[in-house]
Amino acid sequence: MSFLKNCWYVAAWSSEVSENPVCQTIIGQPVLLYRGEKGQVIALGDTCPHRFAPLHLGKVFGDQIQCPYHGLRFGADGKCAHNPFDPQVKPAAASVNSYPIVESDTFIWIWMGEPEKADATSIPDFHWLNDTDGYTMTAESHLILPVNYELIIDNLLDLSHGQFLHPATLGNEAMTGGSTKTVQTGTQVNSYRWNPDGEIPTIFALANLYDAGTKVDFWNDMRWNAPSSYFLEVGVTPTGEPRDNGFHLGSAHMLTPIDETHTIYRYRLFRNFARENAEYTAGIETVVRKAFTEEDEPMLVQVQARMRGRDFWSLKPVSLKGDKAAILARRIMDKLLAEQDA
Amino acid sequence: MSFLKNCWYVAAWSSEVSENPVCQTIIGQPVLLYRGEKGQVIALGDTCPHRFAPLHLGKVFGDQIQCPYHGLRFGADGKCAHNPFDPQVKPAAASVNSYPIVESDTFIWIWMGEPEKADATSIPDFHWLNDTDGYTMTAESHLILPVNYELIIDNLLDLSHGQFLHPATLGNEAMTGGSTKTVQTGTQVNSYRWNPDGEIPTIFALANLYDAGTKVDFWNDMRWNAPSSYFLEVGVTPTGEPRDNGFHLGSAHMLTPIDETHTIYRYRLFRNFARENAEYTAGIETVVRKAFTEEDEPMLVQVQARMRGRDFWSLKPVSLKGDKAAILARRIMDKLLAEQDA
Amino acid sequence: MSFLKNCWYVAAWSSEVSENPVCQTIIGQPVLLYRGEKGQVIALGDTCPHRFAPLHLGKVFGDQIQCPYHGLRFGADGKCAHNPFDPQVKPAAASVNSYPIVESDTFIWIWMGEPEKADATSIPDFHWLNDTDGYTMTAESHLILPVNYELIIDNLLDLSHGQFLHPATLGNEAMTGGSTKTVQTGTQVNSYRWNPDGEIPTIFALANLYDAGTKVDFWNDMRWNAPSSYFLEVGVTPTGEPRDNGFHLGSAHMLTPIDETHTIYRYRLFRNFARENAEYTAGIETVVRKAFTEEDEPMLVQVQARMRGRDFWSLKPVSLKGDKAAILARRIMDKLLAEQDA
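Chains as they are written, first to last, in my numbering: chain A, 18 to 359; chain B, 18 to 359; chain C, 18 to 359.
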C-alpha cells in the first residue's frame, strides 16, 4: 500500500505545536515540528543524516534544531547550519527535508510531496472552527487509532451503521431513513440526506429546543476531501421552515495516517444552539468519544485484523446501497494513487 | 505449511456451544458457532462479506446471525437472509461459508473442506465419553497451547519422554519398558505397549486397588486418527489375569489447530475403578494438568522456538526407536497433504 | 546481515559459568555453556538433534549433558554418549556442535566458526583485568541492549558525542578537544587523543588527585579489535610530566551479538589511583551505568528504529571528522564479512 504524497494532511492542531520540538509520523515519515523565532511552524525530516538520531530529542536554537547525538544543527530550510567538529565544513549532504506548511482554520497543514507543487488553495475550508462568535465548540481531540485511515473514512461516509453499532450512543433510525443524494466534484464527495417531517433526533432533543411533539425536518450533510478531511453537518428545523433558520451541529474530522495500520484522528464539534449549555457540551463530547473509542475503534480493529493486510478490493467486498459515498472516495483515492505511482 | 481441510476437527465440546454466538479460529479460519432454534449447531464463516466485520459480535435471531456493523443477516445455510438497506435485494455474493457439523460423543465435529465430501462415518469413535454409567470422568478441559499441533502429537505418541520430562508427575519407567507393537491401518496408527509381571504403576497404586506387593501386567495402548484425535488406555490386571477383568484409565485428547503456532487442546480422562473416589479424581486431574501445562507446554514452546518456523524434515531430525508411531503419523499427514495440494 | 564466524567472541565472564548449564545465544546460535569434571568450560550447540529440545534445561553428568525431553546424552566433544532407548546405538547424526573455548583475562572466549581455524594467539590482550594488585576494579557488568552491536561500536569509537548526549554524566569538552591520531593495524584500530595543559577532567577531579588549579596533560586512547572488543584508557599527568607516572582509568568493553538487534554488553573499569576510595568506585560505577543505560541505550534504540533494518551504507550516512575510527572499523568488518561469504 502506498500513500498520497502531493496533498495536504493535518500535521497537528495549531495549539499542539510550540517552541518545544515534537515528532509526528505522517504516512510513515517521522516529521519534526516546532515554532521558530517568529512563531512560524517549521516542519523538517526528523532523522539526522549523520547517524540517524531523532532530531526532536535535541534542542532548538532560534530557528535551528540541534541533533541530540553529535550536535549538528539544521535550519528552517533543512540545511546544515552548524557542524561542531569542523565549523568551516557544512556538507551539502547533511540536510533534511523541509516540508511546506500552512496554518489555517486552527490546523497546521503539511504537504508531504514535492514542495514546488504545494498549492495552498487546495486546502479544504473549515472556517467554522475559527468562528467562536458563531459557534460553541467541544474540545480539540487527538486519538491514536490502530487502524488504517481508509477504514475510518468508510465508517464516516456511511452513518447508517449507527443503528447497529451505536444503538445507545449516536444510533438513530433517522440517519438511515429519508432520501440521499451523493455528488462527486473533482476530488471531493458530498452526500446529502434529507429526512422531512419526523421526530426530533435524540441529539437535538437533549437540548430541549422545541416543545414536545414538534415535528422537524432533519438533514445530515457530509463532505469528504481527498485524502482524509471530513466535514459533517446535522441539522433540524420545525417542519417546512427554511434551513437557514435551523439549528445545526457541525463537526470536522481530520485523519492523519501514521502508517498502514495507525491513524491520528482529530475531531471537533461546533453548534449554533444551546450555546451556553455547558452540560450539553460535556454530554455530546462524552457520547461522541464513547462511540468512537468504545464502538467504532474496536470494530475497525477487528475488521483490519480480518483483512490480514490484504488489499480491500482483492477481498471482493459486497457493496450495498449505503456504500455509494465511501466507494466514490475509494475510487478517487485509487485514481490519485495510480497517477502518482505512474 | 498447510492444513488438511477435508477431514473432521473437534470445533468444541458440545457443552461449549449455546445460543450465544462464539468464534473459534480453526486452521486459520474464523468460524462462528451457535445453536439455532431447534438446538442444532450452526457453523458459519465468521467474517461478513460486506465490510469484514466479525459476525460473532452480532445478534442471533432464530437461526440467523445479524452483522454487528451494518446489520446484514445470514441464515444457517450461510446465505444473506436480510438486507436492511434494501429488503428486496439479497446479493448472492453476500454469503459466508456454512460448515458441515456432526455432534457425537460429547464433541462438535466440523468439516473444514468441501462440504459435499463430508463423511460422518469417518469420525473416530469416542463412545466412552457418553458412558457415564460405565466410567467416572474428569472435567472437560480446554487449553490454548502456543504450539503447533504436530509437536503435541509427537509428544503424545511417544510417552517414553515421561521419565525425563515428568519424573514427579506422570513419569514412569514402566512406560518405557516392555515390548511395543505399532500398526498402521489406513489413516490410523495404533501402538501397544505390554509390560508383564511388574510393580504397580504409581497412577494405579494411588487408588489402593491391590494389596501391597501384588505383581501386575500393565498395558499402554494408544490410537491416533488423522489429523489430530488421540485415544489412550493404560490398564492393569494381577499378573496373568485376562485384561477384560482389569482396571483401566482411558483418555481422549483432541487437538484443534488454531494456526501454525497455536492449538486448542481438549482432553478428558475416564476410568472404571475407584469410581466414587472424588479425591482420586481431583488428584489425577491436577497431576495431568500440571504435567501438560508446566512440563509439556514449556518444552514444546521451546522446541517450536528452536525450529524457527522451519519444516520438521528440513531439520533432519535424528529418529530413535521410540519414535515409530509419531513418524508413521507424520508420514500419513505428509501423504494426505500432498494429495490435497496436488 | 551476516555475522563474522571465524573469530573470537566473549561468551561470558569466567565467573558466569559453573557446573549449572546455561544458554547464551551468540550471533543467532543458542550455545550451551557449563564446566566439566575438571572445571574446564564446555560449549556445545544447545539444540538436541532428536526433537530440538534446549539442552541447557537438562542435567549435567560429569562432562555430559542429558537432554531434558528424551534423555539422550552428549559428551564434551558434542557426540552422543548415551541413548536410553537403545544403549548399543549411538547414531553419528545425533551430535551437536562443540565450540573451541579459551579462558583468559577473566573472559571465556568462544570461536563460532570452523574449529580447526581457531587460533588462540589472535585473542586481544586484556591482561589488566587479571592484575588486581595493580588496579582497583569496578564490578563485572552484564547488560542486554536491544541494539545491533555495530551501533554500539560506532558510539564507543567516537566519544565526541559525550558533550551532547552525556552533558551531566560523562560529557566533557576535553574529549572533543586536542589532537587525534587514528591508526589501523590489521584488524585492529587505535585512536589516540592528546589534550595538553588543560583543566583536570571531571572524572579525575572527583578523586582529588591534585591541588586546585593544577594544569594537566590529558589523553584518551582507544583500541578496537574485530569484531567487537574495545579497550579505552583515559589518563592525566601534571603538564609536561611523563605519562608513565600518570593516573589512568582503563576500561574493557566487550560486545557479544545475540542477534541482529540485541547485544550483550560486558564492561569493567579499572584504575591506578584513589585505589582504596570505595565511594569513588561506586560513584564512577553509577555514572557510567547511568550514561550507558539512560543515555546511550535509548538513543541507539531510536537510531536502530529509524534505520528500519536497512543496511548502514545504503542510508548514505554523512560522515564527519570524528567518525574516522568508526568508519575504519566498519570497513574492516565489511572486508572480513565479504571474505567469509565469498
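To be clear, the hints were calculated from the coordinates, so they are not data collected in a lab.
Incorrect hints may appear among the rest.
One copy or any two copies: either way a pair holds, since identical chains are not told apart in the list.
[Stated by the list, open to error] Result set (DSBU-like, lysine-lysine): computed pairs, CA atoms no more than 35 Å apart in a straight line: (1) K232 with K22; (2) K107 with K198; (3) K232 with K352; (4) K22 with K107; (5) K198 with K134.
Here's how the hints hold up against the structure:
For a Cα distance limit of 35 Å, the shortest separation of K232 from K22 qualifies neither inside one copy, at 47 Å, nor across copies, at 58 Å. In this assembly of identical chains, K107 and K198 lie within 35 Å of each other by CA distance solely across copies; the values are 23 Å between and 58 Å within a copy. When the C-alpha separation of K232 and K352 is checked against a cutoff of 35 Å, the pair qualifies neither within a copy, at 43 Å, nor between copies, at 71 Å. In the homo-oligomer, the alpha carbons of K22 and K107 lie at most 35 Å apart inside one protomer (29 Å), although the nearest pairing across protomers, at 39 Å, exceeds that limit.
Taking identical chains as interchangeable, the C-alpha atoms of K198 and K134 lie at most 35 Å apart only when both belong to the same chain, with a minimum of 33 Å there against 48 Å between chains.
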